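As you go down the protein sequences, you meet chains Z and R in turn. Residues in the first sequence are numbered consecutively from 529, following our numbering. Residues in the second sequence are numbered consecutively from 3, following our numbering.
Bear in mind the hints are in silico, worked out from the structure with no lab data behind them. Among these hints, one or two may not hold up.
Some chain R residues judged to face chain Z by a derived CB distance under 8 Å, without partners named [as the list claims (entries may be wrong)]:
{"id": "1", "residue": "R28"}
{"id": "2", "residue": "S31"}
{"id": "3", "residue": "H73"}
{"id": "4", "residue": "P102"}
{"id": "5", "residue": "H168"}
{"id": "6", "residue": "R215"}
{"id": "7", "residue": "G283"}
{"id": "8", "residue": "P323"}
All figures in this text were calculated on a predicted structure; none of them were measured in a lab. Note that CB positions come from ideal geometry on N, CA and C, so glycine has one too.
Letter by letter, the chains look like this.
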Amino acid sequence: MLKVDRTVPPPPGEIRPFRFPPFLRARLANGLAVAAARLPGLPLVSLEIVALAGGQFDPEGREGIAAMTAAALDEGTVRRSAIEIAATAERLGGYFTTGTDWDVGYLATGLLSDHRVSGLELLAEVALSPTFPEGEIERLRQQRLAEIVRRAQDPSTLADDRFQREVYRGTVYAHPLLGDQESVLGFDRDAMAAFYRRHYTLAGSILIAVGDVEPEALLREAESAFAAAGPPLPAPAPPEIRPTPLSGISVHIVDRPGAAQTELRVGHSGVPRTHPDYVPLVVLNTLLGGKFTSRINMNLRERHAYTYGAASRFVPRMGPGPFLVNASVATASAGDAAREVLHELRRVREDLVEPEELDETRTYMVGVFPYTVQTIGDLAKRLETLTVFGLPDDYYTSYLQKIAGVTREEVLEVARRHLDPERIAVVAVGPAETLEPQFAGLGAVSLWNPQEQLEPVQQESV
Amino acid sequence: MSSSATPDLAFERHTLDNGLRVILHRNASLPLAAVNLWYHVGSRNERPGRTGFAHLFEHMLFQGSEHIPTHDHFRLIQQIGGVANGSTWFDRTNYYETVPAHQLDLALWLESDRMGFFLPALTQENLDTQREVVMNERRQRIENQPYGLAGERLHELLYPEDHPYHWPVIGYMEDIAAATLEEVRAFFRTYYTPNNSVLSLVGDFQPEDALARIAAWFGEIPAGPPVPPVSAPLPPLGGERRAVLPDNVRLPRVYIAFRAPAYGHRQWYAADLLAAVLAGGKSSPLYRELVYERQVAQDVGASVGPYESAGTFMLVATARPGVELAVLEEALLRAVAKAAAAPPDPDDLERARNRMQTDSYSALQKLESLADLFSQFTTYFDDPAGVAGEAARYLEITPQDLMDYAAGWCTEPERVVVSVVPHA
């Protein structure tokens, strides 16, 4: 019988090596890039086309066209109606879906690996020959408008939207990805078809395939499924997005009378995913608000019990995505919670972090990495990141080494360079009557209703 | 349906002298180990006036034990690259962590310390903090969410006051505020015993070695008394129940619920399959009718709760602006009536069956999910092999089973309708 000593952490056993799963990157004869990885064990496969067609390409006045174009791709092809596309995948036990973020648009299907050729053919058909049928587009537009109405009742969404509006004023990132009531009425099917032709070119796209399938076999099958594609046009380059730095601390209250709690956001614009400081920044953020034992969560949740949980992140985008802290807090504590967040941002810019604290953060980040590549979806997302941000094949291996090498001095340096608690937006969504007095003295306060209209009577500055 | 591979779900099963059941499943695809503990206690072991206690208690188990200082549970796990969490449900509470495989002992140390040596670390201060945290959790997840109170109301109407599914897992605010230290102690002594628990281990380890370690860490914890049985009498509803909930929403939504047999019964699988037939996916009949064709709904869904004492079959649809909820209610009820009167369209049945198969495979992808399933099937049915058998249960279900469930259970006097509408 083994004897155990409960008074100290047990010594670790022999470390088992981790290697990032092997994957293949290639290009089909027609120019379509492919990234494929085999994940054996379960008879499933995920197939996805990712195109450089995200919200960053929304023209002014047509906000939401990227998102709606993606949503319209599976509304009909030269061969199938919207319902037939869904039914084809669903009859095989799978799904077919499309979507967008700020960087890319995507079409994806997931099914049993035995059916992958059917999946590839469906994916190719929708990617290459969508017809944007008038009737379906109108239904989709009405659904969008209803979705925009629904978003205005969700406190978390209201907070995110107001935050974007304030931090990215005058840039494409300021609007909601879905657009708004007016902009969604401002483009027709022809405009969407034109957006599609311009941005869903195979030259700017990638096929990502992960699951129980040999990458080489998949490559052959993809070659045949996508053979019909014509010669690819070059993809337009992403726009340069340059937010104006904020001019101080500003507070934006979105009034939800009677709300049970307050949604809080604190932040400003950050850096593109490809910024050379990205790795030390992620280490900084993990320590600050990126894990349960981070400074911000321990302060707001375990020390003050203001919230069920608080977190911070640098959102990875091709352009300068936001740095933001988010928490749902007890309304009576919202002002204090915001001040504690600012306190933590100032503190991490003032002094070197404790050696032990940095050590724990680095070992956490390196140790947890295998946990984050367990599923087909996990691995597909990693391959997408490599491709979209133009990272080398050995990126994840060197990423882990780089994390292990980040120093206290680098953390302080990037905190000073990329966090600015004196030029920052604070958004609070909750009962304005209770919230407003709590922010007195913190910065200029503006008051909004959930329909995004400024309520000027009560606007005040400090 | 053919498939190229059957997942390897072989396991070993052991029982320690103190009654702790242990399930071991080796999967060395990544250098990780997932440790998962189910305690067979949930909100169904509470009583009216003391609701939410099982969940508040779960929070307390992260506040340290005799050899683990208050904030160290997460810290110790995270600093070696592990992740940890817990959750509470009607019938059970689970605690789990995934750690690098060479740190298995650390996870076993933490879990065995709180099973065996929890009480010495209990303080009023920690209880006060966690009561506040949980009240914020209730506000965040329920009260401040659009439609957030609908599920609670549905259960209150579907189950009588003395039935343990009547109240919400997270509990009512005033009950959470009332919890005392003495109640925490009594709850621990009654329910947190090795004989009321299952430990599942999935990942990169040698079973013999892992079992020896588990025995070393958990073997000395004494067995507790048998757990008091839960009484869950469930007379028929005997008349439709309705409620209208004004909420801070813009689009009204209707929920329709019926009871279903307990999880594990053949008719539970019939109910679950019926939910997938009616509204599983964009090509399902309800989605087609309400969203694509008539364009009266923003979304529609159907689901069945896998509870130990009784199931809950639920349909939900959100109205498009300007559409009356009566329109949606009529369509949902018509679909249910049709399901009782005639077999499903063969294409819809095939779609639903295939979906169940891919869903059951997808659920096996993460080590921690697989470990959770081993604990689940062992806790509810004393049958870890049920993990591998789950997908096949759906294949046994016939069109007649679907009709029998709909005709026998989804009747007007057994129905609950909750409408969420914008504040006047």
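Problem set entry | chain Z contact restraint for R:H73 - C-beta distance below 8 Å | holds (6 Å)
Problem set entry | Hint validity - R:P102 Cβ closer than 8 Å to any chain Z Cβ | holds (5 Å)
Exercise. Can we keep the R:R28 interface hint, with Cβ of chain Z closer than 8 Å?
Worked result: Violated, because the Cβ-Cβ distance from R:R28 to chain Z comes to roughly 13 Å (cut-off 8 Å).
Problem set entry | Interface hint compliance - R:H168 to chain Z, C-beta minimum distance less than 8 Å | Violated: closest Cβ of chain Z sits about 22 Å from R:H168, beyond 8 Å.
For this session: May I ask you to test the interface hint for R:S31 with respect to chain Z, counting a Cβ-Cβ separation under 8 Å as satisfied?
Result: Hint on R:S31: holds, closest Cβ of chain Z at ~6 Å, below 8 Å.
Exercise. Does the interface hint hold: is R:P323 within less than 8 Å of chain Z, judged Cβ to Cβ?
Worked result: Status holds, d = 6 Å.
For this session: Go through the hint on R:R215 and say holds or violated, using the shortest Cβ distance to chain Z against 8 Å.
Result: holds (6 Å)
Exercise. Does the nearest C-beta of chain Z fall within a distance shorter than 8 Å of the C-beta of R:G283?
Worked result: R:G283 check passes; min Cβ-Cβ to chain Z is 4 Å, inside 8 Å.
The earlier numbered hints that this structure contradicts are 1 and 5.
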